[in-house]
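Colleague: Those sequence lines, one after another, are chains G and D.
Once you know that position 358 of the first sequence is 358 in my numbering, the rest is easy, because the numbers rise by one and skip nothing.
Once you know that position 126 of the second sequence is 126 in my numbering, the rest is easy, because the numbers rise by one and skip nothing.
No lab work stands behind these hints, which were simulated from the structure alone.
Among the hints, a few may not be true.
Copies of the same chain look alike in the list, so a pair counts if it works inside one copy or between any two.
BS3-like cross-link-like pairs, simulated, lysine-lysine; straight-line CA separation at most 25 angstroms [said to hold, decoys possible]: (1) LYS365 x LYS416; (2) LYS164 x LYS204; (3) LYS109 x LYS385; (4) LYS313 x LYS405; (5) LYS69 x LYS9; (6) LYS2 x LYS405; (7) LYS204 x LYS365; (8) LYS405 x LYS385; (9) LYS416 x LYS130; (10) LYS2 x LYS313; (11) LYS130 x LYS385; (12) LYS73 x LYS207.
There are 2 protein chains.
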Amino acid sequence: MKYNTNPVKGMRDFLPSEARLREHVAAVIAQTYTRHGFARIDTPAVEHIELLQNSEGGENLALIFKILKRGEKLALDTAATNEDDLVDCGLRYDLTLPLARLYANNRAKLPEPFKALQMGTVYRAERPQKGRFRSFTQCDIDIIGEAGAIAELELIHATAEALKALGLTGFTVGVSDRRVLAGLVAALGIDPSLTALIAITVDKADKIGWDAVREELVRQDIAAESAYELIQTLQTLDLTQCEQQGICPEAASGLREVVHAATDLAGGDYTVRFAPTLVRGMGYYTGMVFEITAANLGLSVAGGGRYDGLIGKFCGQSVPAVGFSIGFERIVLLLQEQGFSPPLSTPRIALLYNRTEHNALDVLKAATELRQAGYAVQTIPERTKLGKQLSALEAEGFAGYQQLKHQGRSLLLFQKQ
Amino acid sequence: MKYNTNPVKGMRDFLPSEARLREHVAAVIAQTYTRHGFARIDTPAVEHIELLQNSEGGENLALIFKILKRGEKLALDTAATNEDDLVDCGLRYDLTLPLARLYANNRAKLPEPFKALQMGTVYRAERPQKGRFRSFTQCDIDIIGEAGAIAELELIHATAEALKALGLTGFTVGVSDRRVLAGLVAALGIDPSLTALIAITVDKADKIGWDAVREELVRQDIAAESAYELIQTLQTLDLTQCEQQGICPEAASGLREVVHAATDLAGGDYTVRFAPTLVRGMGYYTGMVFEITAANLGLSVAGGGRYDGLIGKFCGQSVPAVGFSIGFERIVLLLQEQGFSPPLSTPRIALLYNRTEHNALDVLKAATELRQAGYAVQTIPERTKLGKQLSALEAEGFAGYQQLKHQGRSLLLFQKQ
């Protein structure tokens, strides 16, 4: 039988150099967040199907990988025409839903406020395209149980520090509030029940442009004039205007405080500004939303916001919550494009031995001594085509060989530069 | 709607203290293996269903979580009676199969020999029971492309070093060879085609006892006398006997070399011995097999062996391979039972502030200064019931508070001991 040895469509294998870069990015992020008081939690990649299907995941709900029931529970004869009867769980499409479930299930045991760090794989059956995958890493921090703006400030500060630690500079933190959009919708006499849909549409402006957004709004039964006015105002709005025109002045003063304090904490390393066109796509946001854009690239590398309603759905009790998600895959891609190579935590040695000259024990004893001296050591048998082998080692960054005498026989050492 | 907030049956959420222990175990293992020249790789948790179902996973094949086809590919009307027509992929049940697929797909790009480290979640729809889960971490090292016993020695040495680094002491490495069992089967006149089945049965001795093994062998059409003789010989066999009686003398001399060299490398920290009753359950082992047993517990904490045939199935070319898997979940459990708490990589401070006295910016500036001084800092608002809050902090290990003056106001600092 001939097997397909490619990974499943839209998913990836990571060979050593890529795996090492991903580990580096994960470690730097985790270290920064730990220093900011966030504690790591983990949830299974598999979730109850009812939970996934009844969640506020918007367009992600159509992209769930569903898992077939097993054994007796799978009644193919009687339940064959209904997909839902065939499945009992599915792969998570984000980390927010599992967090809400975990929090509801363990609330009494968790500190208040609860500051959680999650890094894990999520799955979406999207049409694969460049830079978009069906299995990818998400990296979220969330603060549950804090209604004050200190929560937003901590998320923004910690995430900006993580990006700085990864070598990103000159980025911009855009901040807005869902209630500004809602206030504007109300001020323009648009049906308030359309606000969530409008947010999803406005969120696409980066991808499809403002003309297309206006056309889509009109198709959503918003008067052409109102759609025009809404976009025009969003593009030019400032906080003073919000306050003077009564477009949710409460949100405006909160935004003013956060922009001021976050700018102070930034110390000139990055910019924080009110971004009125920022709304974020997810339906569950209830207050402030934020996004970090990489300089020159115009690419969002992190996004989040306040979602005070979601946890309550599981707890049966209102609990404030706010989260920030770093675009892990995008940052890995950025670093790869920059040719970034993670620093070696331990100096490395390739130890070449000759199968006929050296016995295994002698080689491993020599390696042990080098490890005790602080090196990471890889033992490699000499190949017949030694020149080709040395070129391959050089390409890996090994150079400057020296001879090591062990039990009277010489081994070749190459140190990674 | 009322949601079930428990994790999916047989799977687990990890709250901060457990997640931190698991991270510690993973980090220590990864660090040790990196020093021994193993390079991290990663594969998706989702694999092609044909690959999973045609693999040599033995009893695991009945435990695969299968993933429903999506969109047009899912033809419920016509394909309703056959489970296989409904699914196109599934969750991996181990890390060996994905490794073989990755190797076959990337062979030209990989060093030779290829020394791989994998740590990842695998899924088995087993009946959940104490210490057995449907989603759990596996941690494997493999050497592909090395036929010599130096591969076995490196795996044994590196794994033993990882266990030592985790604080385990006085464990025993048992080593045997599948060919010894095969030789014994041949010497006793038993049908050689039964060897794989006999290995699976003998492997159960720890769980079901030798009497039950004998009964099962008899049910497998092995003469009662042969079954008795086989078990009797297995229990008392030594390497000299193997050599003298011609029970695969080649395997015996290889075992002698490995036991001798591994004992030398152990330097008295652990024991290495020939374990004739050790056969390991998986069908794909072709040569040496090994297992590490924790002292006093009689529990296997790592196991592996040579599987020279498996990679060839994917490559169309014979490639020698040998692997060792640490029982990650068992070690975490062991450390938990010992009350082990991982060392803090950074000293921690809980910074208590009063919502009415302090504004967010001042609190975060004070936290920033402490972080710059090298602490991990968690900001916590004072609660009305301060006494209860302080007790909770103490229970977490925070103690010895001091006052910090910031902007003329005092914050309370608690350092984790």
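Colleague: Does the structure break any of the earlier hints, and which numbers would those be?
Modeller: Failing hints, ascending: 2, 4, 6, 7, 9, 11, 12.
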